[in-house]
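Student: The hints should help you fit chain F onto chain X, whose structure is shown.
Sequence order for the protein chains is X and F. Per this note's numbering, the first sequence starts with residue 1, numbered consecutively. Per this note's numbering, the second sequence starts with residue 1001, numbered consecutively.
In short, the hints are calculated from the structure, not lab data. Any given hint might turn out to be false.
[To be verified] Where chain X lies over chain F, by a calculated footprint (3+ residues, C-beta under 8 Å):
#1 1028-1034
#2 1045-1059
#3 1062-1071
#4 1091-1097
#5 1100-1106
[To be verified] Here are the simulated lysine-lysine pairs, DSS-like style, with alpha carbons at most 25 Å apart:
#6 F/K1055 to F/K1107
#7 F/K1123 to F/K1107
#8 F/K1101 to X/K50
#9 F/K1107 to X/K50
#10 F/K1080 to F/K1055
#11 F/K1123 to F/K1101
#12 F/K1055 to X/K50
Note that beta-carbon positions come from the ideal geometry of N, C-alpha and C, so glycine has one too.
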Amino acid sequence: MTNLFGNVAPLLLAAEGGTPWTRGLLDTVIAIGIVLMSVGVLLCMIRLLKGPTLVDRGLAADTISIQIAGLVLLLTIRFESLVVFDVVLVVGILGFASTLAFAQYLGRRGSAA
Amino acid sequence: MELAPMVLAADDATAGVRDLLATISLAGGLFFMFVGAVGVVRLPDAYQRIHAASKCTTLGLAGMLIAAILHVWTLDIAGKAIMAIVFTFVASPIGSHLLAKAAHHCKIEQWPGTLSDELAQDKADPNCSVSDDEIGVPEGPQRLVAQDSGPVHVGAA
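Excised from the complex, chain X in its bound form (with noise of 0.2 Å):
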């Protein structure tokens, strides 16, 4: 635990603290939510396995990236640590960055059968 994000011990040691309703109400909600962003994650690579045209595919292969995305900043909000926050940004200007990329490439091909 300690070789990954710093010293997790103590933050969560920490997170004990303080008032236990709302920290107790947020952490329910993120434990739905990395439930709800991991379905949604199967349910893209569903339209990404049977999409019929490529634009179909592009999109759901972007849609789970920015799902990765959240599920990395419902990892930020619960450890409240900085170390893997910078991954949101990076996966934001890849994917616009790999949609136009694909957009180009698709209006180039003419056809997206």
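Tutor: Same frame as chain X, now just chain F:
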């Protein structure tokens, strides 16, 4: 590898209120994220799927970033998150617009219940100066030579 703990939660008087607001914002962001994922699967048309995915990117990620700001409440995460929100709100509609334009250029058929296709009408209209393709260049690199096509008239001449 020993990493210093970068931030700690500020246990001040506003921590409870901030956590409550962060919970509400996080729930909204998660709602839009999940609705976007469901819409990507369930909607009948590539254009409508682009619409759903764009909601997922802008509103869902913005809600979750606001929740991160409110919960962690330090200046560095606030700066990075505001930067990410501004970038996402600028970049995601541009990307969705270009993807929809490429889809229309590739002549992906619409859902039969769609009311109109105004871009196809404008392309068929000789008085309208919507260019056929600004994203795809089928002719190749000679389009890169500057074409002096006179003043560009927008809309019906």
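Student: So, against the hints stated earlier in the document, which numbers end up violated here?
Tutor: As far as the earlier hints go, not one is violated by this structure.
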